[in-house]
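In the order they appear, the protein sequences are chains S and U.
Following this note's numbering, the numbering of the first sequence begins with 1 at its first residue and continues without gaps.
Following this note's numbering, the numbering of the second sequence begins with 112 at its first residue and continues without gaps.
Incorrect hints may have been included.
[To be verified] For each label pair, taking beta carbons as the anchor points, the in silico distance ranges come out as:
hint	chain 1	residue 1	chain 2	residue 2	range
1	S	G96	U	S184	21 to 31 Å
2	S	R55	U	S120	30 to 40 Å
3	S	G16	U	T191	27 to 37 Å
4	S	E17	U	S184	29 to 39 Å
5	S	G96	U	E198	24 to 34 Å
6	S	T5	U	P197	40 to 50 Å
7	S	N63	U	T128	40 to 50 Å
8	S	K1	U	N181	21 to 31 Å
9	U	D138	S	Q51	36 to 46 Å
10	S	P8	U	S120	27 to 37 Å
11	S	Q98	U	N181	15 to 25 Å
12	U	E174	S	N63	23 to 33 Å
13	S	Q51	U	Q171	22 to 32 Å
14	U	T128	S	I110	38 to 48 Å
In short, the hints are calculated from the structure, not lab data.
Backbone N, C-alpha and C fix where the C-beta goes; we use that ideal spot for every residue, glycine too.
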Amino acid sequence: KQEVTQIPAALSVPEGENLVLNCSFTDSAIYNLQWFRQDPGKGLTSLLLIQSSQREQTSGRLNASLDKSSGRSTLYIAASQPGDSATYLCAVQSTGNQFYFGTGTSLTVIP
Amino acid sequence: GAVVSQHPSWVICKSGTSVKIECRSLDFQATTMFWYRQFPKQSLMLMATSNEGSKATYEQGVEKDKFLINHASLTLSTLTVTSAHPEDSSFYICSAQQGGSYNSPLHFGNGTRLTVT
């Protein structure tokens, strides 16, 4: 069974810093990997989707990479802002069409 | 962009009653929708996969008679928590993948906070 792990579980940085969130998965048989943001008491907002054949995707200050063979993905956030404070979740869609979520990284950006 | 609407956003009910949660894809068709449950400070736990026009596929350990799922159209799936008990109190979230394509991101509703008293 696919297992998705996110490190660190929590992260606190001062505003303006660049930061990296990590996601690892155990089974490389995936269609895609997706990064989400979740604000307290809210649903999930899709940030970036990387197909299994892709290496990275970029959107604004966000850059996500994927190394399928090693089962790793990183989400890079440049010039962090207090509004970036949220929980970030990664999820993989397996070739069995199921989605598996990591436990998330709680990010706090201090003004 | 693709929008998934979930209703209600919160509900309080008495033990023993049933609660229905709706999940709608507003601007796309979704042959498949997913229902999750999330406990505080934990990740999402997939409860079931809802398939339009057919029976839902439940994850191991999820009681299908307690959590009734109906996917009657390409834009609507409902989750009914039957004979709710306090331990059913949780945050329930639905999602849908636009066009059912692996090239499309998963879109989520804003969730429903259920409190059973």
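Okay, S/N63 versus U/T128 on CB: inside 40 to 50 Å? At roughly 48 Å between Cβ atoms, U/T128 and S/N63 fall inside 40 to 50 Å, so the hint holds.
Starting from the hint 22 to 32 Å, judge whether the C-beta atoms of S/Q51 and U/Q171 obey it. holds, 29 Å
S/Q98 and U/N181, beta-carbon distance inside 15 to 25 Å? holds, 21 Å
Verify the CB-CB distance for S/P8 and U/S120 against the hinted window 27 to 37 Å. Since S/P8 and U/S120 have Cβ atoms about 30 Å apart, the given range 27 to 37 Å holds.
Is the hinted range of 30 to 40 Å satisfied by the C-beta distance from S/R55 to U/S120? Given a distance of about 38 Å, which is inside 30 to 40 Å, the answer is holds.
S/G96 and U/S184, beta-carbon distance inside 21 to 31 Å? Since S/G96 and U/S184 have Cβ atoms about 25 Å apart, the given range 21 to 31 Å holds.
Quick one: are S/G96 and U/E198 within 24 to 34 Å, going by C-beta? holds, 29 Å
Verdict for S/T5, U/P197 (Cβ pair) under range 40 to 50 Å: violated, 31 Å
Beta-carbon spacing of S/K1 to U/N181 - inside the hinted bounds 21 to 31 Å or not: This hint holds: roughly 28 Å between Cβ atoms.
Holds or violated: the 29 to 39 Å window for the beta-carbon distance between S/E17 and U/S184? violated, 47 Å
Confirm or reject the claim that S/G16 and U/T191 have a C-beta distance inside 27 to 37 Å. Since S/G16 and U/T191 have Cβ atoms about 48 Å apart, the given range 27 to 37 Å is violated.
Consistency of beta-carbon spacing, S/Q51 to U/D138, with hint 36 to 46 Å: Given a distance of about 23 Å, which is not inside 36 to 46 Å, the answer is violated.
Violation of the numbered hints given earlier is confined to hints 3, 4, 6, 9 and 12; the remaining hints are satisfied by the structure.
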